[in-house]
Amino acid sequence: MVKDMTQGSAAKLILIFSLPMLLGNVFQQMYNMVDAIVVGRFVGPNALAAVGTSFPIIFLLISLVLGLTMGSGVVISQFFGAKKIDKVRRAVSTALSFQLVFALVMSLIGLFLSRPLLHLLRTPPEIIGDSVAYMQIFFGGLIFMFAYNAFAGILRSLGDSKTPLYFLMISSVINIGLDIYFVVALGWGVRGVAWATLIAQGISSVLCIVFVYKHVPLLRFTRAEWVFDIDIFKTMLKIGIPSSIQQTVASVGMMAMQALVNSFGSVTVAAYTAASRMDSFALMPIMSLGMAVSTFTGQNIGANRLDRVRSGLWASIGMVVFSCAVVSIFVFTMGSHMIQVFINAEETEVIARGVQYMQTVSIFYVIFGIMNVFSGVLRGAGDAMIPMVTTIVALITRVSVGYWLVTIPSISYRGIWWAIPAGWVVGTIIPTLRYFSGAWKAKAVVRQQMFAEASPAPSVSD
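Its first residue numbered 670, the sequence shown is counted upward by one per residue in the working numbering.
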């Protein structure tokens, strides 16, 4: 069910809206988590490292489309907040059209460039065969992942964060079952978890598409109504390209860090893979709040309710501080047990290095949370350039600090762990200053450029 977020308690709306997204993110992350757990426990550390070293490249090739979907979401949510239903429908059909094309292109690129990219990352020879197999199967089914994410993102822009969750839960359960069957029963190894993910994502995408066309009249189109609106597309690009660049830079930074990790051998790669998976899992409440406040901001910008944008920001900051305190304490004290979810207890060196990672990074979760909320508000307002700059600066800091610290003999690979929060600290400064400058208020691109029909759009004022 779509949800109007321009009325009612900001804190309550954001919290309730974020909870299904949190669960959705948990189940989405379970795809990678379960893959890593199954291969780590039933195949071995090298298989775990193979899955882990593939992820930055996978993220690189899908990040372009993911960034553009963010632009689509901002446009759709602002139209919906302004009650421009015809514009919503045109925006949805436009978004689906170009996302399909980009997904197909990224799939072909991933299939043909998997091995060269893995060599570029200095992937250890003992794991490159499994890494290539995992990546090629994943990219073969990339269209399913983007079909689900496209429809799920559109529903979230309209205030419905529950429906995508239900289908994601179903596919996650299927993925777990197929992982165990393909790897444990059939002995397919890394290829087994890749095929399980592809099949499960295919099911979730089909279910989501069928539901939308049967039960959401707003998103039901005849062939004649299916249009590609070039003006709306340009507006999506204006917002989406900075987000796309942001995602791409993030993935390039991940690849640079992965190359640095790979240089320390398969033990460090396995530790980094396990710890970073748990780290991503721990950060999900924070990321869900950032996504929720972005949708909240988009709808209220469309309705010209900047007072509600401000109250939504501070409500989100309060929830982030509380959730970070709880999660950080848990991760810091339970790190060893969390790493052993992925790896057998006798792999003591892998576990020790993974625990070092988690204890170092978890202290700074609150910094990441604050950065994420301020960036979410700016992105929802259409000020996508600043989150892009934030990501670039944070990643330059992370990579630079990482490559510098590992050259100090007494620090060695642990410099990679410290480089991650260093990037967060520097990255938080930019969106925070931008918000308090007030310049983002003039960036409501959709309302200013496209809502004006018979009369000029109302001025933006606090």
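These are calculated hints, taken from the structure and not from any lab test. All figures in this text were calculated on a predicted structure; none of them were measured in a lab. Beta carbons are placed, not taken as given, at the ideal position from N, Cα and C, and that holds for glycine. Incorrect hints may appear among the rest.
Stated by the list, open to error - Quick list of simulated restraints, FRET-style, between CB atoms:
| hint | residue 1 | residue 2 | range |
| --- | --- | --- | --- |
| 1 | Glu-894 | Pro-794 | 19 to 29 Å |
| 2 | Ser-932 | Leu-773 | 26 to 36 Å |
| 3 | Tyr-882 | Phe-933 | 41 to 51 Å |
How the hints compare with the structure:
1. Roughly 54 Å separates the CB atoms of Glu-894 and Pro-794, a value that falls outside the hinted 19 to 29 Å.
2. For Ser-932 and Leu-773, the hinted distance range of 26 to 36 Å is satisfied, since their beta carbons lie about 35 Å from each other.
3. For the hinted restraint 41 to 51 Å between Tyr-882 and Phe-933, the CB-CB distance of approximately 50 Å keeps it satisfied.
In terms of the numbered hints stated before, the structure departs from hint 1 and from no other.
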